[in-house]
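**Q** Sequence:
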Amino acid sequence: MSKVFFTSESVTSGHPDKVCDLIADSILDEALRQDPDSHMAVEATIKDDLILVYGEAGTRAVIDYEKIALDVMKQIGYNEEYHVILKVNKQSPEINSAVVDGELSAGDQGIMFGFASDETEELMPYAIAYAHKLAAKLEEVRRKTPCLLPDGKTQVTIEYENGELKRVDTVLVSTQHTADVTQEQIRDIVMNQVILPVIDKKHTDENTKYLINPSGSFVVGGSWGDSGTTGRKIVVDSYGGYAPIGGGCFSSKDPTKVDRSAAYYARYVCRNIVANKLARKCQIELSYAIGKPRPLSVYVQSFGTSEYTDDELLEIVMKNFDFSVSNIINELDLRRPFYTRTTNYGHFGKKDLPWEQFKKIEL
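Residues 207 to 569 (our numbering) are what the sequence shown spells out, left to right.
Some clues are possibly wrong.
Claimed, not checked - Using 20 angstroms as the maximum straight-line C-alpha spacing, the simulated EDC-like pairs for lysine to aspartate or glutamate come out as follows:
1. K498 to D243
2. K483 to D324
3. K280 to D270
4. K253 to D432
As the list claims (entries may be wrong) - Cβ-Cβ distance ranges computed for the label pairs, FRET-style:
5. K483 to P450: 19 to 25 angstroms
6. A267 to F211: 45 to 51 angstroms
7. S503 to K415: 40 to 46 angstroms
8. I496 to V425: 44 to 50 angstroms
9. L402 to V294: 43 to 49 angstroms
Since the hints were made in silico from the structure, they are not lab data. Since the structure is predicted, the reported quantities are computational estimates derived from the model, not experimental observations. For glycine and all other residues, C-beta sits at the position ideal for the given N, C-alpha and C.
All chains, full assembly: derive it from the sequences and hints.
**A** Put into C-alpha cells, the structure is as follows:
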C-alpha cells in the first residue's frame, strides 16, 4: 500500500500579505465601480506603519488610494496609525494597445492552471479546502473574542492511502493574541470554537495531532511582525500546492490580465468536468501571448480518473468552452466590482463566484 502525507496552509485577513492583497483588490473594485473598462495593476507593500501603494492604472476613475488603504486597515482590525506613500503611473501605452487593438487580447504572456477534484463538496483538494475553512472560522471567532488579534495561519495535513483520502493527520492553527491571555486559554478557544466545529470527526482518529500556537507567544503580528506584499500567497489563493500554479498572482489585476481571468476560467472548466462526472479529478494548463486573443495551448489531464482519454476530454472541452479573452470576461461577467470577495480564504471553492457555477457539458 502506498501511504502519502500532503499539507496545505491558509492565512487570515490580518496576515501582512493578505492585507496587501485586500488593499489591491479594494482599489481594483473602486476602479471598476466607476469605470468597468479600467486596466489596473496597482499593488501594495507594508512594513510596520508604512504602506506603499504602487503600480499602473489605466482608468477614468478618480481613486483616493490613501483612503482605501487606511480604510482596509481599519476593516481588518488594525487601529494603529499608518502612513501611505503613492507611486501609481498610467498603464504603458504599448501594453494598452496590445490589449485593445481590434479583438480584446491578453494583457501579458503566461501559463495558467485549473484544477478540480471530487474529494470535497467544493470540488477542491481536502487539505486546502479545510485550511481555508479553519482560517475563516478563526477570523469569525477572533472578531468576537477580544484576546484574539487579526494575524493568523492554519495548516492541514492529510494522509492518503493508494491515492484515496484516509484521515486527517495534523491540524495546525496559529493566532495572534493580546499579551494578557495564557496559551492554555488560547488552546481552549481555538480547539472548541475553531477546530472542532470545522474538522469532520469522520476524518480524524485518536492519532490526529492538534497544534495550537506551537511557537508559544504570538503577540507581535501583522506588519509589525513581518512585511507584506501583494501576490505572495498564490499557493494559498489557488490549490494549496496540490496542483501546479502559473506563477502570476491574482489580486490587483483587472480581467484583461489572463493571469487572473484565464486561471478563473481554467478552474471553471475543470470544476465542470468533475461536476458533470466526466472525471473524478481534472487539471488543465493554458498558455497565452500578449496581444493574442486566444490561448496558444490547452492541455487537459484526468489522471486516469475518467472513462474518456485525455484527448477525448480535450475535444469535449474545446466543444463546450471558449477560451478567448473576450468570452472569458463576458461569460464570467468579470468587469464588475466583486474582487474583494475573492481576496481571502481562496479564489476557488466559494459557491457564489461565477467560475464555481454549474454548466451542463454536451458530449
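**Q** Under the constraints set out in the numbered hints, which ones does this structure not fulfil?
**A** Result: no hint breaks.
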